[in-house]
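There are 4 protein chains.
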Amino acid sequence: MIKVGIVGGTGYTGVELLRLLAQHPQVELRCITSRGEAGVAVADMFHSLRKRLSLSFVDPRSAPLDECDLVFFATPNGIAMSQTQALLDAGVRVIDLAADFRIKDIAEWEKWYGMKHAAPALVAEAVYGLPEVNREKIRQARLIANPGCYPTSVQLGFLPLVEAGLIETDHLIADVKSGVSGAGRKAELSSLFCEAGDNFKAYGVPGHRHQPEIRQGLSLVAGKPVGLTFVPHLTPMIRGIHATLYARIAREADFQAVYESRYQSEPFVDVLPFASHPDTRSVRSANLCRIAVHRPHGGDTLVILSVIDNLVKGAAGQAVQNMNIMFGFEECAGLTQIPVLP
Amino acid sequence: MIKVGIVGGTGYTGVELLRLLAQHPQVELRCITSRGEAGVAVADMFHSLRKRLSLSFVDPRSAPLDECDLVFFATPNGIAMSQTQALLDAGVRVIDLAADFRIKDIAEWEKWYGMKHAAPALVAEAVYGLPEVNREKIRQARLIANPGCYPTSVQLGFLPLVEAGLIETDHLIADVKSGVSGAGRKAELSSLFCEAGDNFKAYGVPGHRHQPEIRQGLSLVAGKPVGLTFVPHLTPMIRGIHATLYARIAREADFQAVYESRYQSEPFVDVLPFASHPDTRSVRSANLCRIAVHRPHGGDTLVILSVIDNLVKGAAGQAVQNMNIMFGFEECAGLTQIPVLP
Amino acid sequence: MIKVGIVGGTGYTGVELLRLLAQHPQVELRCITSRGEAGVAVADMFHSLRKRLSLSFVDPRSAPLDECDLVFFATPNGIAMSQTQALLDAGVRVIDLAADFRIKDIAEWEKWYGMKHAAPALVAEAVYGLPEVNREKIRQARLIANPGCYPTSVQLGFLPLVEAGLIETDHLIADVKSGVSGAGRKAELSSLFCEAGDNFKAYGVPGHRHQPEIRQGLSLVAGKPVGLTFVPHLTPMIRGIHATLYARIAREADFQAVYESRYQSEPFVDVLPFASHPDTRSVRSANLCRIAVHRPHGGDTLVILSVIDNLVKGAAGQAVQNMNIMFGFEECAGLTQIPVLP
Amino acid sequence: MIKVGIVGGTGYTGVELLRLLAQHPQVELRCITSRGEAGVAVADMFHSLRKRLSLSFVDPRSAPLDECDLVFFATPNGIAMSQTQALLDAGVRVIDLAADFRIKDIAEWEKWYGMKHAAPALVAEAVYGLPEVNREKIRQARLIANPGCYPTSVQLGFLPLVEAGLIETDHLIADVKSGVSGAGRKAELSSLFCEAGDNFKAYGVPGHRHQPEIRQGLSLVAGKPVGLTFVPHLTPMIRGIHATLYARIAREADFQAVYESRYQSEPFVDVLPFASHPDTRSVRSANLCRIAVHRPHGGDTLVILSVIDNLVKGAAGQAVQNMNIMFGFEECAGLTQIPVLP
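Chains as they are written, first to last, in the numbering used here: chain A, 1 to 342; chain B, 1 to 342; chain C, 1 to 342; chain D, 1 to 342.
Bound conformation, chain A alone:
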């Protein structure tokens, strides 16, 4: 049983983290902070948690975060970087669900996130929390940079091919579609039901923050810089990411076997039979990535389909998975819910 605190937690990532942690057998939720909602019972804001969570939001200044074993940051970008060092000094481990520690190149980070980084040294220390790549490092880590939702779906999709050197990596294409919850629980015009509903659009095509994060991850695996065209889209559903990935074959192989072998012992990656079509609802509310491999018309282009729930394997679920690894719990503890379908 560990003591856990949450900083932030009024957003969708926060309420999802609460849902998972409230059902986790080895977690005692100690506190959750919110500047704006201090004093409000969490269950009054999120009725789904009525009778299941008795915590109220507390002001960050009075929260006993340093008494926790672990603190999750479910905050906007730029918060965790200024508070993490003090927690680490107090012996508290940290998982940041925002982007503060994801990109190793500080200049690159500052360009995309539009602010000066407050803790470059911690960026160097932070472990990128993609268990399928970094499980051993996560086990030892004090500080985890929890991956972004798009980067999780795209990296898990490309990983086996890049690791095995089977594709040309200078012109990868990731055409990715996200549900609207990826935009967060913020009062913004573009996330309104009447703007995002019955509508489909791309956004951020000239440049999106997740592009350098994906490139960094795949380049590390490839052992050289990869080229990536990344196009995110908004699709009128609440949860779910569907990545459609394109790559030209560099070397022949039994591609399906490559995927099955790479992920055979991964508890949260499911490789479907060759030429399947995973739908996002098949992972809804669960910590899962389902992947299918295609080679249309037997040509020289592979198409990989990769689906996750952006709030679970793309955020809160992966954070809990990282916690489980860090604290030596069973990796699946608290993460065994079956997807909700329909």
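All clues given are correct.
Listed next, the stretches of chain C that the computed footprint assigns to chain D, with coverage defined by at least 3 CB atoms under 8 Å from CB atoms of chain D:
no.	region
1	15-27
2	42-50
3	276-284
4	334-342
Taking lysine-lysine and the PhoX-like style, the derived pairs with C-alpha atoms no more than 20 Å apart in a straight line are:
no.	chain 1	residue 1	chain 2	residue 2
5	B	K104	B	K116
6	A	K104	A	K224
7	A	K104	A	K137
8	B	K186	D	K186
9	A	K116	A	K104
10	C	K186	A	K186
Derived from the structure by calculation, the hints contain no laboratory data. Backbone N, C-alpha and C define an ideal beta-carbon position, used for all residues, glycine too.
Given the coordinates of chain A, assemble chains B, C and D onto it according to the supplied hints.
Relative to the frame of chain A, chains B, C and D by itself:
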């Protein structure tokens, strides 16, 4: 640990039952039948169950149903009534999620369901599986008629007022809105995305099968026949029922206190603070009914709002709750999932 | 050909008004004002208007509104009441799509709208723009209070019964469901796709501003105060209102014939065959109200179903209809679009 | 004024064609056939057409099709090919909205459509009805093969680049997302609200009928066979297609200028400013294709975004546009509706 069989199970009620039972600590799923899908792995039809359920559908004729302790019927109406007696004779208990045993008046049933009833004697024996009313009878029952989705939301909403004799019961009004999954997983034009989406309509206003079921339940409680105008509507969401109930006050009382007191020990009914507005997503995927009491402008009309997930408290979840009661399990066993929001 | 100005116009009512007016054969759009968007081309904000509308938003202070024959206010409540007198003095006629002039009882208005009324005299002069009731007065009016969306659907639904004295009017019930565009194009949490989507809820049950507006209209017709329980709901669709109305019969009649006769010469009210179920999409994007009459089980309660597109017959379309009447155009001019289905 | 008949017409393409033709100033709708619905008033099936269309469906055998100037086939594939010759012989011109005459290579067609072609000679004669490519041929044609919805969006998107020889055409990628109405008004499980709603998936990745159609069109323009990876997806909205197109640059140019120049006199293609993000709703219910050109990070890959309403520019609207050209009407006649937004 009990052995459980399912007859039917390719519909939404079926897959939801599978989701709940696959996670239930005291259930061993023995078999699931389907005439049309015999031989197909359940997880190939419902990808959400991949790696969680290894059963395949079997032909009803070769299914070892009589070796089970309990059989659920998740079939169209008219199937359970012809197969239940044999199972009971073999010592198997039965929960029917369809309507075969819900209405005691055989003539009334035959009128609404358009067929001759095959087992009137069993109708007399069957216990109506609304635990909040019949918990003790359920404990002893061999055969449960699991309530309909609309009837669950409406009866739980009106119950405290009718029991206490606080309202005029000759002109009850139930204006109820259902998600599309209530229509089942059937290839019908009216359930198409492009017919039911971005659209709202009433249906069955001249007469709907759930009206006599609700009337029967409330009349029993009232001790006299009640009058009920019941208008169901289709709303463009997948899961959820929202009942808006209207009744004129017959006798003054602290209505909020009446509800809180009536349901204080019920694990799956949650009375919100006075004048709240429950939303259907606050119970999505969970076995819960949330209720709010209103008295607009302090007038002589009460408005009760009652929400459930039609597939859970309105079908599969309530069936599992009934199972738990019948077999002496903890009533909440396998039913503790927190609603998925957003 | 008349010269028309619009004050406001960055909301959903505004863009709908633009869509209709840009296609109207007798309207020359002169200017559209917006404090926040001055200088922005309207078609850059609403791509649907690209190549169809070359106007840019102008600052209200520099807009040549007094050169117009007619000015529409598509503003938040409280704007029109302070600007209308000057326009009228300049010989400009005014249609207010907000609520400033809808309620004759100033104290009642101030209670519901939470501000002091700036122009009580104009309230007295304003004609309530429901053509099916006030066509002749509209023809002569300088100032029109365009009805609310809920009030349009509910009044048109009850009107024939109340006028003919066929129902008990002390306990009318209006259970009404609205698409999310009724909440406007405002960055509010409750209107987010992930809050309003796949969800259903009532709101404002203790009291809603449209209740007194409806009561005023029906009381005028009834010749005495009516009693009304009004419960609005939010349904996950973009456009559309579905009113389900309940009334007890006071006097027998051929109710279907009453409706058909009442609306036979109304161009924008369509009475369906007895016991039909109109769906909201059957009026989507069109200036239409479709109504169906039900008498469930031949009892003493009538159920009336009434559907409109909240942005058209519930707002912009009705405003154009009022304009047509005021200026002696054909009442259907610019309003003949066939509903978009699916 | 021409006399027009429709064969089929109970599907979404059919009702959309009826919506457009019923408002067309030069069309007299003479008859509409349906084997299954003969005798039913069209407006009873589609309430949106009440009071706007008085036709009833007639049996195909008794329909006066040969008295028409033009017959539209809005039928499943395989119908038009067996009835067209007789109509042509009777002097009737034909526009087929299905696929019977789209692919010139008969063997290829038979492979994808799974049947023997009944009229190969007519395939040779038929003009592919993409006005932006074949306007002059359409003017002279007796028989038009109206393009598929995906092919329209993809061809219009790639066309300027392929014509000008600016991209490598051996590895084109078209990642395309369609609303559910593209699947037609058929009672199929996969099109149910609860299957397609709140879900996203690819389909037909191993091979889709529209791939050879697109390849044929682009190859003709390129003057050599092009290579194309085509991945269609189903997105939870009713109308709309969003094509995201990827191509590597072969030769530098001012790509934005190339698009603007190519489409400057096209009434139904709108090139947005460089690096824009068109959303599908900006063309909802209108005969429009909006296109945006991107060059992410100034690299060697172009990303073209192309949106249409699949039922209008992707089907019925384009058919009417073809009709206008064939009969010398103004090309925009009956097609000037402004998109419905929101």
